[in-house]
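**Student:** Spelled out from the first residue to the last, the chains are:
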Amino acid sequence: MSFKILRKQELAPAIHLMDISAPRIAQKAQPGHFIILRIDEKGERIPLTIADFSWEKGIITTIFMVVGRTTMRLSGLKAGDELQNVIGPLGNPALIEQGATVLFVAGGVGIAPVYPQTRAFREAGNRVVSVIGARNANLLFWEDEMRVVSDELYVATDDGSRGHHGFVTDLVKEILEGGSNVGKVVAIGPPVMMRSVAGLTRPFKVKTVVSLNSIMVDGTGMCGACRVLVGNETKYACVDGPEFDAHLVDFTLLMSRLAMYRAEEKLAAEKYRCEREGCPC
Amino acid sequence: MLERQKMPEQPPDARRFNFDEVALGYTDEQAIEEAKRCITCRKPSCIGGCPVEVRIPEFLGYVAQGDFDAAIREIKTDNALPAICGRVCPQETQCEQACILSKKGASIAVGRIERFLADYERRKGMEVPPLPDPTGWKVAVVGSGPAGLTAAADLARMGHAVTIYEALHETGGVLTYGIPEFRLPKEIVRAEVEYVTRLGVTIVLDAVVGKIVMVDELLAEFDAVFLGTGAGLPTFLNIDGENLNGVYSANEFLTRVNLMKSYKFPEYDTPIKKGKRVVVVGGGNVAMDSARCALRLGAEEVMIVYRRGEEEMPARAEEVEHAKEEGITFRLLTNPVRIIGDANNWVTHVEYVNMVLCEPDDSGRCRPQPLAGTEHTIEADVAVVAIGTSPNPLVPRTTAGLEITRHGMVVVKENGATMKKAVYAGGDVVTGTATVISAMAAGKKAARAIDGYLKGDLQQDVEAKKQLRQVSAQDGHAQ
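These protein sequences, in sequence, are chains A and B.
At position 247 of the first sequence (counting the first as 1) the number is 247 in my numbering, and the numbers step up by one without a gap.
At position 281 of the second sequence (counting the first as 1) the number is 281 in my numbering, and the numbers step up by one without a gap.
Hints were generated in silico from the structure; no laboratory data involved.
Computed from a predicted model, the values in this text were never measured in an experiment.
Treat the hints with caution; some may be incorrect.
What the hints assert, rightly or not - Away from chain A, derived, C-beta distances all over 12 Å, residues of chain B:
#  : residue
1  : C41
2  : Y62
3  : D78
4  : A98
5  : G327
6  : F330
7  : E351
8  : E403
9  : R406
10 : G452
11 : Q459
12 : V462
What the hints assert, rightly or not - Covered stretches of chain A (in silico footprint by chain B; criterion: 3 or more residues with CB under 8 Å from a CB of chain B, positions within the stretch not fixed):
#  : stretch
13 : 24-36
14 : 43-55
What the hints assert, rightly or not - Below are the EDC-like pairs computed for lysine to aspartate or glutamate, each with C-alpha atoms no more than 16 Å apart in a straight line:
#  : chain 1 : residue 1 : chain 2 : residue 2
15 : A       : K271      : B       : E267
16 : B       : K324      : B       : E311
17 : B       : K264      : A       : E41
18 : B       : K274      : A       : E264
19 : B       : K186      : A       : E41
20 : A       : K235      : B       : D240
21 : A       : K205      : A       : D245
22 : A       : K42       : B       : E267
23 : A       : K42       : B       : E170
24 : B       : K264      : A       : E265
25 : B       : K261      : A       : D40
26 : B       : K274      : A       : E265
27 : A       : K266      : B       : E267
28 : B       : K261      : A       : E264
29 : A       : K28       : B       : D216
30 : B       : K261      : A       : E41
31 : A       : K235      : B       : E242
32 : B       : K6        : B       : E318
33 : B       : K264      : A       : E264
34 : A       : K28       : B       : E217
Ideal placement from N, C-alpha and C gives every residue a C-beta, glycine not left out.
Bound-form chain A, shown alone (with noise of 0.2 Å):
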């Protein structure tokens, strides 16, 4: 079986959308799953969260940003194309509570994740509100979906080309400060913002949850790669997670171990570029 791309758009510069045809992961999909996905017979298993789904239509919706030679092949795919293996829904369900204030973090790529997730909780009747930010307006995408989706949307960029000018965090600050009730923050983007949300949430004891991007093989819980420490104790993103307590997650072991294999990294994504480019060497 394989399972073809519908539809693959650049949303912003090396961050892509993909709309993949998977009626039956489509049917059971839920905010806050991702899917394991293998280009072809060479490829590795990479997970990807699940941005948006259609029961009817059977297509599920993923980001991704270009990072490795993955993602570097599958920015080359085209709409047509297919590929070898989708694997999914894995991974929990975001747990949609109801009758809050939920205030929704989400930096560049992490917009995708957040997505699906602040559609739910307004859709279960929450308040929510909404903080995107990328480092630039150019790398900014989907502000008018999450407008749709939430009560409010505040939106932030490193160099100011649009909203505030400066980080997520000091928006999310703001409004922790404006005492606006918030009863739960959920934070999805680079670790290090969402080591900053947590270290800013702590002290006003707004539960506060992240979904962490562990490497993943099996994405069932047999290999242990995704382990990470939750309140001193081994989880497994893929099983256990991917949403944890902000407040009880290991950042620095999260970050170390997301750059195991930075060397073997490089060295495949300058094989791409070679395949693709020819080779100087």
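Fit chain B to the supplied structure of chain A, relying on the hints for placement.
**Tutor:** Frame of chain A; chain B shown alone:
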């Protein structure tokens, strides 16, 4: 007469640099000579030593006459996966131990002959046995490892329609992700899986039961379900430093190497850390496999650290021997107490302590005790923890009505039936880490029980319902 035919092998100094199969297999002549050593006991004990009850003397008899086709047909009546079993079964504790000749010198090399026959047939083209008329019953099998494949093959040969659901992108379970190419070539696993599909079994890949489909949903579509989900949850030592970079569970290390072919990185995209000094913790076959993979990835030194002595090692003697020949060193009666890392969170050393064996307790096992004051450290840039696995929790967590032990194992009755109606289980998900052949035996037993259930209880149910409908229809008519 007393000497068994030697197995041709790749020499250690060549094979430690490649992933090709170590054992090369018997020639026709060797197989015949070896089979001729069978003294055809009137009451053969070897069959009782085989968990799947292969009629060993019969197939040996055919081989002795040079009739390889009849011999492999005989094996396949009881065992759908002979090329696999001939390679990875611990024959020395099963059929070969039961062989009367083992008491008089050397037993018949049953495993080697089995392997020879399976390879002979594969080269020639596999024969599919005649199948009975379809019974109309449908069975779902969860997992395509040794338990699932065996259950599926047997059920198919009983005339039932079988569909296997496999979570990974390849079939075979531990045969594919766990056991390395040099011990069990993946081409051989694929060929035996293909044989199972030629018996009429359908395989659905990339389907994680408990996520994309629940067991209760399977029960709506199928008449019975067999759970062969294996022991896919790694155990760690619970010591400091286990989450350092460079520390792997054996499952991850072997999955990267075998399933993802990271030994061919960067030709294949999945990376693996190739250590210079690798420490493997554990004394089972999985530890041997991990150590020998690490060596083939290019390590200068690979060391196995095991808390008991060589006698107590659960690994097959042959695997320990092969590992030693390849230059792997063993530190026995030692146990890691912590793993030490650098500022960047990379493993640099393993600290361990000497152990002493105490007297065996009532259970017959002795718990090794640490010897205070013997702590020392060894350098390592990769460490692999191979101390066992427990059952994967995805199916137990999402299936109401199963009984699960404290250790996560599915509870079954003698015949393989779980506490949930129409659901059977076998293999590592029931026993915890065990052997390929014991999982196959469990699959076989469950297949028999499922067949009995379908043709017995369920058939009666259906007929009773049919009668009830007829009776009520007549009643309705009378009014």
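**Student:** Against each hint, give a clear statement of whether it holds in the structure.
**Tutor:** Structure-based check of each hint:
Under the 12 Å C-beta cut-off, the non-interface status given to B/C41 relative to chain A holds; the minimum distance is some 43 Å. Even its closest Cβ contact with chain A, about 39 Å, leaves B/Y62 beyond 12 Å, as expected for a residue assigned away from the interface. Under the 12 Å C-beta cut-off, the non-interface status given to B/D78 relative to chain A holds; the minimum distance is some 30 Å. With a least beta-carbon separation of about 34 Å from chain A, B/A98 lies farther than 12 Å from that chain, consistent with its non-interface assignment.
Against the 12 Å criterion, B/G327 stays outside the reach of chain A, whose nearest CB is about 26 Å from its own CB. Non-interface call for B/F330 relative to chain A: holds, since the shortest CB-CB distance, roughly 25 Å, exceeds 12 Å. Non-interface call for B/E351 relative to chain A: holds, since the shortest CB-CB distance, roughly 19 Å, exceeds 12 Å. The Cβ of B/E403 sits about 21 Å from the closest Cβ of chain A, beyond the 12 Å cut-off, so the non-interface label holds.
Every CB of chain A is more than 12 Å from the CB of B/R406 (nearest about 18 Å), matching its label as outside the interface. With 12 Å as the threshold on Cβ separation, the claim that B/G452 sits away from chain A holds: the shortest Cβ distance comes to roughly 32 Å. The Cβ of B/Q459 lies farther than 12 Å from every Cβ of chain A, with a closest approach of about 32 Å, so its non-interface assignment holds. Against chain A, the non-interface label of B/V462 holds: every CB pair exceeds 12 Å, the least being about 29 Å.
Three residues within the 8 Å Cβ limit are the bar, and the stretch 24-36 of chain A against chain B gives 3, so the coverage statement holds. Under a criterion of three residues with beta carbons nearer than 8 Å to beta carbons of chain B, the stated coverage of the stretch 43-55 of chain A is upheld, 3 such residues being counted. Of the supplied pair hints, the one linking A/K271 and B/E267 holds, its CA atoms being roughly 9 Å apart against a limit of 16 Å. At most 16 Å may separate the alpha-carbon atoms for a hinted pair to count; B/K324 and B/E311 meet this at roughly 15 Å.
For the suggested pair B/K264 and A/E41, the alpha carbons sit about 12 Å apart, so the restraint of at most 16 Å is met. Between B/K274 and A/E264 the CA atoms are separated by roughly 10 Å; this keeps the pair inside 16 Å, and the hint holds. Straight-line distance between C-alpha atoms of B/K186 and A/E41 comes to about 14 Å, which keeps the hinted pair within the 16 Å bound. For the hint linking A/K235 to B/D240, the alpha-carbon distance of about 15 Å falls within 16 Å, and the restraint holds.
For the given pair, A/K205 sits about 12 Å from A/D245 by alpha-carbon distance, which is consistent with the 16 Å threshold. Taking the CA atoms of A/K42 and B/E267, the gap is about 7 Å. The hint holds against a cut of 16 Å. With a CA separation close to 13 Å, the supplied pair A/K42 and B/E170 stays within the 16 Å bound. Proximity of B/K264 to A/E265 is assessed by CA-CA distance (about 14 Å); at most 16 Å being required, the pair is judged to hold.
At roughly 13 Å between alpha-carbon atoms, B/K261 and A/D40 fall within 16 Å of each other, so this suggested pair holds. Between B/K274 and A/E265 the CA atoms are separated by roughly 14 Å; this keeps the pair inside 16 Å, and the hint holds. In summary, the hint linking A/K266 to B/E267 is supported, as the alpha carbons are separated by about 14 Å, within the 16 Å threshold. Taking the CA atoms of B/K261 and A/E264, the gap is near 15 Å; set against the 16 Å cutoff, the hint holds.
Distance check on the hinted pair: A/K28 and B/D216 sit about 14 Å apart at the alpha-carbon level, within 16 Å; holds. With a C-alpha separation of about 10 Å, the suggested pairing of B/K261 with A/E41 holds against the 16 Å cut-off. Taken as a hint, the A/K235 and B/E242 pair is honoured in the structure, with Cα atoms around 12 Å apart against an allowance of 16 Å. A distance of roughly 13 Å separates the Cα atoms of B/K6 and B/E318; the hinted pair therefore holds under the 16 Å criterion.
Of the supplied pair hints, the one linking B/K264 and A/E264 holds, its CA atoms being roughly 12 Å apart against a limit of 16 Å. A distance of roughly 12 Å separates the Cα atoms of A/K28 and B/E217; the hinted pair therefore holds under the 16 Å criterion.
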